[in-house]
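J.: Sequence:
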Amino acid sequence: MPKISNLEELKKLRDKSIAETAARKEGRFRVIIGLGTCGIAAGGRKIMEAAMEEIAKRGLKDVSVETTGCIGMCQNEPLMDIVRPGEPRVTYGNLKPEDVPRIIADHLVNGNVVEEKVIGRPE
Numbered sequence: 002m003p004k005i006s007n008l009e010e011l012k013k014l015r016d017k018s019i020a021e022t023a024a025r026k027e028g029r030f031r032v033i034i035g036l037g038t039c040g041i042a043a044g045g046r047k048i049m050e051a052a053m054e055e056i057a058k059r060g061l062k063d064v065s066v067e068t069t070g071c072i073g074m075c076q077n078e079p080l081m082d083i084v085r086p087g088e089p090r091v092t093y094g095n096l097k098p099e100d101v102p103r104i105i106a107d108h109l110v111n112g113n114v115v116e117e118k119v120i121g122r123p124e
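Sequential numbering of the sequence shown, starting at 2, is according to our numbering.
Everything labelled a hint here was simulated from the structure, so no lab data went into it.
For clarity, every value in this text was computed on a predicted model and none was experimentally measured.
Every residue gets a Cβ at the ideal spot worked out from N, C-alpha and C, and that includes glycine.
Hints may be right or wrong, so weigh each one.
[To be verified] Calculated cross-link-like contacts (lysine to any residue; reagent style SDA-like; alpha-carbon spacing at most 20 Å):
hint, residue 1, residue 2
1, K47, I5
2, K118, I72
3, K97, G70
[As the list claims (entries may be wrong)] FRET-style restraints, in silico, Cβ to Cβ:
hint, residue 1, residue 2, range
4, R46, E116, 19 to 27 Å
5, G44, L8, 43 to 51 Å
6, A57, N7, 41 to 49 Å
7, L14, A42, 37 to 45 Å
8, E10, V115, 42 to 50 Å
9, V115, L8, 49 to 57 Å
10, Q76, L8, 44 to 52 Å
11, E116, V66, 18 to 26 Å
Required output: the full structure, derived from the provided sequences and hints.
T.: Below is the structure:
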């Protein structure tokens, strides 16, 4: 990374970084895994590993896998949210690693929510 020598260069770098971050999030599929203390204790890391493995296996390129902290639904951990562009977020809970491939295939890829694992979504 080049040395920044003045305020104008810093502002240009900031603007470029903001634009790149926005471009990464817009129009992308998002998989968000709960990895607060409660999520980790409930097996959230295994859910994340299963999601990343399934996404790689399917060769999905337009998907970001993200983590979040506790959202106050500890009794439903491990949690995984799926966000498809232009659609509301759907939260899946009480997951096991073997649930993840079906959710990725049915919901993320084909747009069909796996109702029996849904614990929340906007009305």
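J.: Hint by hint, where does the structure go against what was stated? Just the numbers, ascending.
T.: 1
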